[in-house]
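Student: Could you build all of it, start to finish, from the sequences and the hints given here?
Residue numbers (UniProt numbering), protein chains in the order written: chain A, 1 to 299; chain B, 1 to 292.
Treat each hint with caution, since some may be false.
Said to hold, decoys possible - Just some of the chain B residues that point at chain A, by a computed CB distance under 10 Å:
| hint | residue |
| --- | --- |
| 1 | 31 |
| 2 | 59 |
| 3 | 63 |
| 4 | 64 |
| 5 | 77 |
| 6 | 102 |
| 7 | 112 |
| 8 | 140 |
| 9 | 223 |
| 10 | 270 |
| 11 | 276 |
| 12 | 278 |
| 13 | 282 |
No lab work stands behind these hints: they were computed from the structure. Just so it is clear, the structure is predicted and the values come from calculations on it, not from any experiment. Glycine residues also receive a C-beta, built at the ideal position from the N, C-alpha and C atoms.
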Amino acid sequence: MSARLARRDHVAAWLFLVPVIIVMLLVAVWPLARTFFFAFTDAYLDDPSTYSMVGIDNFLDVINDRSWWVAVRNTIVFTVISVAIETVLGLAIALLINEAIPGRGMVRAAILVPWAIPVVVSAKIWEWMLNDQFGVLNKILIGLGFIDHGIAWTASSSLIMGVIIFADVWMTTPFMVLLILAGLQLISPEIFEAAEVDGVPAWKRFWSITLPMLRPAIGVAVLFRVLDALRMFDLAYVMAASNENVMTVSIYARDRLISFQELGVGSAASTWVFLLVALAAIIIIGALRLDRASGELTK
Amino acid sequence: MTDIALYRTVRKPATYYRVRRRIVRLLQSAALLLVLLYTLFPYYWAFVSSTKQGAALYRAALVPALDFTYYRQLIDNPVFMGSLLNSAYVAVATTFLSLFIGLSAAYALGRIDFPQRRALLMIILMISIFPQVVVLSGMFELINWMGLFNRPSALVLTYLLSTVPFTTWVLTTFIREFPRELEEAAIIDGCSHFRILMKILLPLMGPSLASTGILAFILAWNEFLFALTFTLTDENRTVPVAIGLIAGNSRYEYPFGQIMAASVTVTLPLILVVLFFQRRIVAGLTAGAVKG
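Tutor: Listed below in structure tokens is the structure:
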């Protein structure tokens, strides 16, 4: 290809990219830049045009706030526990569905249902099912003789985090199942047949063939889920708006920004959220690369 | 295959294997039933509850009472129907805009070799992992400037933040899967890139656009944070926010029957879409993630 032709191609490429660049500058780059900027001002939401620069005061204000650290702890506890459960459960269900079973298409569709339901709606459904007096879950537990009277799942501050994690696991395990299933289907069945013929027991086949070969798929799924869980807002907001025990960093930041109208401090809190998520992304992507690199060394 | 298996050292009688296989099959079916019960029961229970009136709601009968009073109330409720319309408008507009922008970008990123290609793909992926709360302050200002505050159109604009990177990324993966030979004759004939996209690729991309579009639609239909923050009045809300903000007259009168009816109504279109387009949705979900 001649240089002139290549240059024409490059111009064409940028022309095709004009819409995405304009939109991303408008809704991503510019708002992000303004958030960073406001984080250094004492602006209020009712009149963002009057402000003065206050340096890093807002950032200090946030990290000196006890409830910020409660939010950070909640967010991390929620993320670690729910993603861990989702990964194990997702792997188990994916392995089950990967077997030749009748009606596989329908089963996959059925498993997608919780994922398609809006988070708010799932929150309400679980709130109803977990209702202390009339909830079906308490009735089942009483019927089975595990408890004598209903437990107030969503009203108790010690149980609420468990409830939120439970609901999140219900909603997002399908996503894990699909990604892991896609990874499973990339593994050629000959490897398993060969191992089976050689008399390698099932658990060992799983441990030393399936799991290592699934690692990239699981890694990507975990990355997506962790980043998503770290910014969780709607579930905790709808199920327990005022409960400090499940306040996430996103709820904290939005509260200060919108409810307290503190544009400056709210922006600083948002910037901390950004840094938290970026740090998690760097750590996970780093771990994935490291795995891949060491995997290639041993080959 | 079988003659190789004969070389195994210990060989148990054939009935042992037959019984064992049957037990494994049985356990698998039981596990599968359990999984289906776990994923489907809550939605079924929401439906059952939504058709019960008064005291029946508080009895744990598993069969629906099929009393559709709450649904009739919803249809007669102009505010709820309004929010359904808002949701439909916002989700459809977001989907079409993101498909258009994403397709255009995906052609450049998937088909044309230019030096900054990889860097751009990385930037787009990074934007898609932004926590929404991080752009809230700047977005607030942007929407005020454009005079869109408390209008559903504001949501269309803000949802592009998450749907455009998504459609761009997934459509790029799909476009790369088409063999390049398709366009070679056209390139030799000096056909423009625009014509290649419109005349050769677009007719083939129906299924890919459907997969991507359905996912973008679900993302937009389900969004909560921006919808909660950028709309103020009941008539401009989307359904998730409307449902999220339903509260009873008092703590003791939480209208669960109505909430469940609303929940079933909002989710029904999504469930039908998922059941019909299951294959397409899985293709879209996995295209970006695993193959990328």
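Student: Look at each hint and say if it fits the structure.
Tutor: Going through the hints against the structure:
1. 31: Holds, because the Cβ-Cβ distance from residue 31 (chain B) to chain A comes to roughly 6 Å (cut-off 10 Å).
2. 59: With a minimum Cβ separation of about 9 Å from chain A (threshold 10 Å), the hint on residue 59 (chain B) holds.
3. 63: Result: violated, 13 Å to nearest chain A Cβ.
4. 64: violated, 13 Å
5. 77: violated, 17 Å
6. 102: Since chain A brings a Cβ to about 7 Å from residue 102 (chain B), closer than 10 Å, the hint holds.
7. 112: Check passed: Cβ of residue 112 (chain B) comes within 4 Å of chain A, closer than 10 Å.
8. 140: holds, 7 Å
9. 223: Holds, because the Cβ-Cβ distance from residue 223 (chain B) to chain A comes to roughly 8 Å (cut-off 10 Å).
10. 270: holds, 4 Å
11. 276: At about 9 Å, which falls below the 10 Å cut-off, the nearest Cβ of chain A leaves the hint on residue 276 (chain B) intact, so it holds.
12. 278: holds, 4 Å
13. 282: holds, 6 Å
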